[in-house]
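Top line first, the protein sequences correspond to chains A and B.
Going by my numbering, the first sequence opens with residue 2, and the numbers climb by one from there.
Going by my numbering, the second sequence opens with residue 12, and the numbers climb by one from there.
Because the hints were derived from the structure by calculation, they are not lab data.
Possibly wrong hints are sitting among the right ones.
Said to hold, decoys possible - Taking lysine-lysine pairs in the DSS-like style, the calculated list, with each CA pair at most 25 angstroms apart, reads:
#1 B:K42 x A:K52
#2 A:K52 x A:K274
#3 B:K55 x B:K42
#4 B:K55 x A:K52
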Amino acid sequence: MTNRPSNDTAADDEIAEFRRQAAELGFATSETDLEAYDDLESSEEFITRMKWEDRRRTRRWRRRLATGMATAAAVAGAWVVADLPTVSPAVADTPPVLDYEFAAAVRIAFAPGEDPDDLLDLLAESAATTPEPEAGGDIQHKQSENWFFDIDDDGSARIVPRAIETWLRPDGSLVTSERPGEPLTADGRGIDDRPGPVESTDILPTGSIDPDFANNLPDDPEQLVDVLLDNIACTDRSPGPTRSICLYREIIALYQHHVVPQRVAAALWTALKDETDFTALGSVEDRAGRPAVGISITDPDSPQYRLVLIVSPENGQLTGVEEILIRPIDGIDAAPPAVVAFTTYVRSERTDRAPSD
Amino acid sequence: MTDEDFAHLYEALRNSVYTYAARRVGPEAAKDVVSDTFEVAWQKRQGFPVDRSEWTRWVVGIAKNKVLQELQRRQRKHHDNRFVIDWTDEERDRTETDIAATVVANDSARRIYEALSPAEKRLFDLAFVRDLSPDQAASILGISTTAFTTRLSRLRRKLIALEAEHQPVPARTGRR
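Between the sequences and the hints, there should be enough to build the whole structure, so can you do that?
Structure (structure tokens):
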């Protein structure tokens, strides 16, 4: 890549002399050039764009994800960043991007990751060999710390940390409590499960959510995928980006309110081996300081974002989700790469009491 | 070629390709040339030479073709299909003189650059690309290294002559 000396010393001397002389005459880099350099894409931006265009060239899109996305968004609540390009300005500082084994934070926008099969095998085995935790009741309790975009009435966007707890009762009612989230440490971590004063509590009535959905899921990976794709009403079941992103969204939704059985988690990771668009980002210390691994996908309809599932290698359970802006978007004042949303689960258990009981 | 290799190549040559293209097609079109050049390089990255020292020549060679395509596009647009394309040095010279005014650092250098013939400008621009060896520059121009060196030597002599010609006249301090 660097200058290769010519076989002809006279030629080397001549070109060196020419460049020296030209510089002396004032043929230095002009101010106009220097200003223009700033407008050129960085290598990260360029490679990210090329990869997206490669994908468009090589894979045919038969239809959009609209139905699946709408369903996922309705279930997943805050995970609707794909719609954000239309909102306007001013975003607060974003949490630091985590460093992954195969994608350091500074390279998250373009690091390709690695083939995920070995990692998925490890997670499936871990999940399958970890005993179910002892159930303390029949209410499914989840506690998470979340940072996500909040859109004010005036259309401005900001990032808001929220601590969310949910209790899914056997009758399908759901209690959700929220309180302000904790500040992060400088490395983007520091999350724990300490309680705090609740700011608001919402209750969804009986029958709102199927409490047995996770428990009734099949162990067989193929059957499991069929059920999940049905549930999210995925519009394309053939192997490819659409199906993969449907499964990603469905995994997020599954873990939001349910305690997922170990056998189902094992089947999930095994099933992802047959998908085409997941890559392994390798080990990472999650935002609660726990060892974890990252599995990444890019939504082809929103290539500005890299989406990451964070999974515990110790028990094969999903412990977090991150959405990372990897390309600039008009109206969002965050310089890529920037974490625009994350959820870190700090509790997932069966208990016998919900706050309103 | 790995993504990391490509990223390094891009970072190493992006500004040089821009500067080269800006002299020939202007600042705005030069940005497109940079983008188009590296898009081609990306698509062909698996076919790049094993010898990494050849990568610069490949990229600058692509840039040269992209510049040529841009100039030809302008020429076709200018003629609006009513005239046979007559790609003369005079036409190119006219375009490039306008452009030089915006991309050369100072007035003296601009006047010197404008005084060069189109062929000399092409030689100048290519020889000015950092990291390009004489062999590689000669190869891109389609001439031998010896011919390249001879022309460059001649160009240097002309630059010296033009510098003397464009020296500012010293201010006179005469009595009234």
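Hint check results:
1. B:K42 x A:K52: holds (20 angstroms)
2. A:K52 x A:K274: Cα-Cα ~22 angstroms, so holds.
3. B:K55 x B:K42: Holds, because 20 angstroms separates the two Cα atoms, which is no more than 25 angstroms.
4. B:K55 x A:K52: It holds: about 14 angstroms lies between the C-alpha atoms, which stays within 25 angstroms.
No hint from the list above goes unmet by this structure.
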